[in-house]
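For the record, the sequence lines run as chains A and B. FYI, the numbering for the first sequence is 1 to 240, going by my numbering. FYI, the numbering for the second sequence is 1001 to 1221, going by my numbering.
FYI, nobody ran anything at the bench for these hints, they're computed from the structure. Just so you know, these numbers come straight off a predicted model, no measurement behind them. There could be a bad hint or two in this list.
As the list claims (entries may be wrong) - Straight line, CA to CA, 20 Å or less: simulated SDA-like cross-link-like pairs of lysine to any residue:
1) A/K74 / B/Q1143
2) A/K74 / B/R1217
3) A/K104 / B/R1217
4) A/K18 / A/K229
5) A/K131 / B/F1136
6) A/K104 / B/Q1143
7) A/K5 / A/K131
If you want the building blocks of each chain, they are given just below.
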Amino acid sequence: MIELKDVQKNFGSLEVLKGVSLMVQKGEVLSVIGGSGSGKSTMLMCINGLEPIQGGQILVNGTDVHARGTDLNKLRQRIGIVFQQWNAFPHLTVLENVMLAPRKVLGKSKREAEEIAVKQLTHVGLGEKLKVYPSKLSGGQQQRMAIARALAMSPDYMLFDEVTSALDPQLVGEVLDTLKMLSEEGMTMILVTHEIRFARDVSDRVAFFHQGLIHEIGKPEQVIGNPQKPETIEFLKSVL
Amino acid sequence: MLNYTFHWRPAFNALPDMLWGALVSLQIAVLSMVIGVVLAVFLALGRQSNNKFLYGFSTGWVELARNTPALFQIYMTYFGLGSFGIHLDSYVALLAGIAFNNAGYLAETFRGGLRAIPHTQTRAARSLGMTAPQAFRLIVLPQMFRIVFYPMTNQMVWALLMTSLGVTVGLNTDLTGVTQDLNVRTFRTFEFFAIAAVIYYLLAKLITLSSRLFAWRLFRY
């Protein structure tokens, strides 16, 4: 379970999160929607400790992420994250990209790591691209590789930070299909996304972010289908 | 007009000795690069450090290495350290001086290379549970070496040419040292140094070509 309690985060004098509380159960898919700069992506960075917080508490499997003495490297093995800029490691082949962390972080043997990597890459439809360098892949393929790379650590949770925003429109579909497949397999996911229709389709719940706060949260047919707050109505009108 | 008669035969007879000298020069250049590269990685990190001492130390090193003559730096490792009771032999003093110079120049090259790598690479590595040193060693460093590879080749050529300064601290086994010994024995100055120049030129070309081959083999991406 991921639990956020009144989380506050500033960049200098800029308040990005102004007291966010949230609970994500195992097996749940939560989509986070909202305008740019509303704090959605920052929240993901705080959940795996890539960004420090100034107030409140974040618990992952009961561990306080930002407590002194928390082993973040251990914790991050439980939380996979995929970024908008897919961040393939350009000097490693697709296979090596996915094998690296299982080998160096989990201490798997080369054979084991390769087995895991091949399985995950095949899973996301890149079984034919193992020996290729990322520069030879399309954006959509690189993004699916990044997903396989995160999955290879067998995380409990997957966080997706606008993973289709930097893609050409015709490549968005293949990445969304991969996300959908994961949700159907029961992966616990938080999706920060601008794909409202997709969010409505795959999510158990949707949260609407506005100016560092969650304004509405609930079932997709409720938040997207029948929004109550004027900010939500305004936002959905502008993007749909 | 020309009252100098060329005598190439003694010069060519001495060619084997000179080639052995060239090997010593190459050896010093290679070793000074290996040492220089390792030191430069730490200096480049020091230049980005928030720790005042590390920053000051590495900045001082870079400033001295880049803004004083290489000859002065080699004098310092030989005569300078000597006056503090640390007596290095000519070979070691020359090697230390060139390594000092290499490290200073390469540190700045490396710093530029590091800045060219997006911070998101480190972030992605850390998000997979890698420690900061792991992320640096496995993700950042290999990418940096590709970016700085050609400037490094230049430095290697420069290091080879700097070995000729060894003669000023009494080294007589490297190419310039051997040539100088032959010169004072025979006074065929032009012939000997012309041949030495050709050997230096060919060695420098060899370095450039082999580094190209190396890069082609190494950087497949």
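Right, here's what the structure says about each hint:
| no. | hint | result |
| --- | --- | --- |
| 1 | A/K74 / B/Q1143 | violated (26 Å) |
| 2 | A/K74 / B/R1217 | violated (36 Å) |
| 3 | A/K104 / B/R1217 | violated (25 Å) |
| 4 | A/K18 / A/K229 | holds (18 Å) |
| 5 | A/K131 / B/F1136 | violated (24 Å) |
| 6 | A/K104 / B/Q1143 | holds (18 Å) |
| 7 | A/K5 / A/K131 | violated (44 Å) |
Hint violations for this structure: numbers 1, 2, 3, 5, 7, all remaining hints satisfied.
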